[in-house]
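Here's the letter readout for the chains.
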Amino acid sequence: MDALPLTMEVWFLSVVLGGLLALAITWARASAMPPLVGLARAYVFVFRGTPLLVQLFVVYYGLASFAVVRASLFWPFLRDAFSCAVLALALCTAAYQSEIFRMALAAIPHGQIEAARACGMSGLTLFRRIVFPIALRQALPAYTTELISMVKSTALVSLVTLWDVMSVALKIRNDTLVTYTPLLIAGAIYFVVNYCLARAFAALEHLLSPHLRGRPPSAKVADVL
Amino acid sequence: MSPFVALGFGPHGWGLALLQGALMTLLVATVGLLIGAAIGALVSWAKLSRAWLPAAVGDFYAAIFRGVPELLVVYFVYFGSSALLTGAAHLAGYGGFLGVPAFLAGALAVGVISGAYQAELYRGAFLAIPKGELEAARACGMGGWVMFRRIVAPQVVRFALPGLNNLWQVALKDSSLISVTGLAELMRVSQVASGSTRQPFTFYLAGGALYLVLTVFSNRLFEFAEARAALSRRQAGA
Numbered sequence: 001m002d003a004l005p006l007t008m009e010v011w012f013l014s015v016v017l018g019g020l021l022a023l024a025i026t027w028a029r030a031s032a033m034p035p036l037v038g039l040a041r042a043y044v045f046v047f048r049g050t051p052l053l054v055q056l057f058v059v060y061y062g063l064a065s066f067a068v069v070r071a072s073l074f075w076p077f078l079r080d081a082f083s084c085a086v087l088a089l090a091l092c093t094a095a096y097q098s099e100i101f102r103m104a105l106a107a108i109p110h111g112q113i114e115a116a117r118a119c120g121m122s123g124l125t126l127f128r129r130i131v132f133p134i135a136l137r138q139a140l141p142a143y144t145t146e147l148i149s150m151v152k153s154t155a156l157v158s159l160v161t162l163w164d165v166m167s168v169a170l171k172i173r174n175d176t177l178v179t180y181t182p183l184l185i186a187g188a189i190y191f192v193v194n195y196c197l198a199r200a201f202a203a204l205e206h207l208l209s210p211h212l213r214g215r216p217p218s219a220k221v222a223d224v225l
Numbered sequence: 001m002s003p004f005v006a007l008g009f010g011p012h013g014w015g016l017a018l019l020q021g022a023l024m025t026l027l028v029a030t031v032g033l034l035i036g037a038a039i040g041a042l043v044s045w046a047k048l049s050r051a052w053l054p055a056a057v058g059d060f061y062a063a064i065f066r067g068v069p070e071l072l073v074v075y076f077v078y079f080g081s082s083a084l085l086t087g088a089a090h091l092a093g094y095g096g097f098l099g100v101p102a103f104l105a106g107a108l109a110v111g112v113i114s115g116a117y118q119a120e121l122y123r124g125a126f127l128a129i130p131k132g133e134l135e136a137a138r139a140c141g142m143g144g145w146v147m148f149r150r151i152v153a154p155q156v157v158r159f160a161l162p163g164l165n166n167l168w169q170v171a172l173k174d175s176s177l178i179s180v181t182g183l184a185e186l187m188r189v190s191q192v193a194s195g196s197t198r199q200p201f202t203f204y205l206a207g208g209a210l211y212l213v214l215t216v217f218s219n220r221l222f223e224f225a226e227a228r229a230a231l232s233r234r235q236a237g238a
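Those protein sequences? They're chains Y and W, same order as listed. Each step along the first sequence adds one to the number in the numbering used here, with nothing skipped, and position 9 is 9. Each step along the second sequence adds one to the number in the numbering used here, with nothing skipped, and position 140 is 140.
Hints listed in this document are in silico derivations from the structure and should not be mistaken for laboratory results. Fair warning: there could be bad hints in the mix.
Per the computed footprint, the stretches of chain W lying under chain Y, defined by three or more beta-carbons under 8 angstroms from a beta-carbon of chain Y, are [stated by the list, open to error]:
#1 66 to 80
#2 109 to 119
#3 204 to 212
To give an idea of the chain W side of the interface with chain Y (calculated C-beta under 10 angstroms), a few residues [unchecked claim]:
#4 63
#5 85
#6 129
#7 173
#8 184
#9 196
#10 199
#11 200
#12 201
Just so you know, even glycine gets a beta-carbon here, dropped at the ideal spot from N, CA and C.
Please put together the full structure from these sequences, using the hints given.
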């Protein structure tokens, strides 16, 4: 249980950083400039097509092998396993999150945007009042899935010498030669975290979509007429 | 050693080993997907059942294996299957340790996880079959197994193909986790090669590129299969 904070830190940082990067990628993808669109598509293709483990190892082991990286000012940052893990996880989740954002943007009914423009909204106002709320609602189910997937991916950082829940379970196994119990407990911890996440986001979805829930059964005929 | 020599096919080159690793990855992922298909069919059948017990068991299975990290499942299956096999051997009177081959344990792990997702996929695909077809089959007097073979199975496969494409990619990527068991699949070969030649960037990049190649080829294959499956059906998106 003591390793849970580390797991949660890795998860939170990588999700937030990945989310910011994903916003940039989605913006590039939606822009009208072909080079930017191509760059975004290539990024998503590479980071969704390769296993996270490969990406993690490239960042952690691979980047350190370049002398130019070692001499740069990023080196203290890149030497640390925690930063490398967060970086790799963030890069991976950015690809998936940008796809979710893109899907959410595409799902906004065009009529709403037309109406907003007819009312004179443009740019930031349009984004703030129309695009963002609708996209948020559309993206929530897929986003929840991605968040849960990220929690599971943090288990991989045990393979780059970080002491997360997974590493602790394996260490207990090595020390005490009891195989199942630590793994089962670790599994239970992950499961509980994921379950709480899923319920929290389901509640959020419910909160954000009162207009989709239909008329309550106690409505009177007079209300409808 | 320049990266090109290291990746090549000469006496010091790891190119052949990488390709063999890719082949092993393909094999493990395929077997894993097939095991997952069997498990998924079973679990979705349980979930669709009218009795509460199979439905609860099915839901429980799916919830567990979708909420737990894949790495944990790989370790669990790898250690657990060896322990089970050894325990069974002890019961039969044989002492000592029996290990399950890494390939089987790995494929089983991938299959178990994939099965949880495939169950949801097959359940949705089954519910998408027009009810009229099932009624007509019953009216023609088809029994359970015949109806399954002639009506349900082909339709489920057809509806599930796009989702299966996605799950196949997931299986390919989960197979990289089996490297922790020591199986010589692509990830493990990359690891060994990078350690031996002290060129981690080259080899992990090469491994990643090979995974991408596998992804692109499987995508093409699935698109072809989906086109074939949609031939007899007019649909809005085709």
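Are there three or more residues in the stretch 204 to 212 of chain W whose C-beta lies closer than 8 angstroms to some C-beta of chain Y? holds (count 6)
Please check whether residue 85 of chain W passes as an interface residue: C-beta within 10 angstroms of a C-beta belonging to chain Y. violated (14 angstroms)
Once the shortest beta carbon distance from residue 200 of chain W to chain Y is found, is it less than 10 angstroms? Interface hint status for residue 200 of chain W: holds (4 angstroms vs cutoff 10 angstroms).
Holds or violated: residue 201 of chain W as interface residue toward chain Y, Cβ cutoff 10 angstroms? OK, holds: residue 201 of chain W within 10 angstroms of chain Y, min 4 angstroms.
Establish whether the coverage given for the stretch 109 to 119 of chain W by chain Y is satisfied; the threshold is a Cβ-Cβ distance below 8 angstroms, and no fewer than three residues must meet it. violated (count 0)
Establish whether the coverage given for the stretch 66 to 80 of chain W by chain Y is satisfied; the threshold is a Cβ-Cβ distance below 8 angstroms, and no fewer than three residues must meet it. holds (count 11)
Should the interface hint for residue 173 of chain W be scored as holding, given a Cβ-Cβ cut-off of 10 angstroms against chain Y? Status holds, d = 4 angstroms.
Quick one, is the residue 184 of chain W hint okay against chain Y at 10 angstroms, beta carbons? Violated, because the Cβ-Cβ distance from residue 184 of chain W to chain Y comes to roughly 15 angstroms (cut-off 10 angstroms).
Should the interface hint for residue 129 of chain W be scored as holding, given a Cβ-Cβ cut-off of 10 angstroms against chain Y? violated (24 angstroms)
Hey, does the residue 199 of chain W contact hint survive, CB to chain Y under 10 angstroms? holds (7 angstroms)
If you take the shortest Cβ to Cβ gap from residue 63 of chain W to chain Y, is it below 10 angstroms? OK, holds: residue 63 of chain W within 10 angstroms of chain Y, min 8 angstroms.
So, as I understand it, the hint says residue 196 of chain W touches chain Y; can you test that by seeing if any CB pair is closer than 10 angstroms? Violated, because the Cβ-Cβ distance from residue 196 of chain W to chain Y comes to roughly 13 angstroms (cut-off 10 angstroms).
Checked against the numbered hints listed earlier, the structure breaks hints 2, 5, 6, 8, 9; every other hint is satisfied.
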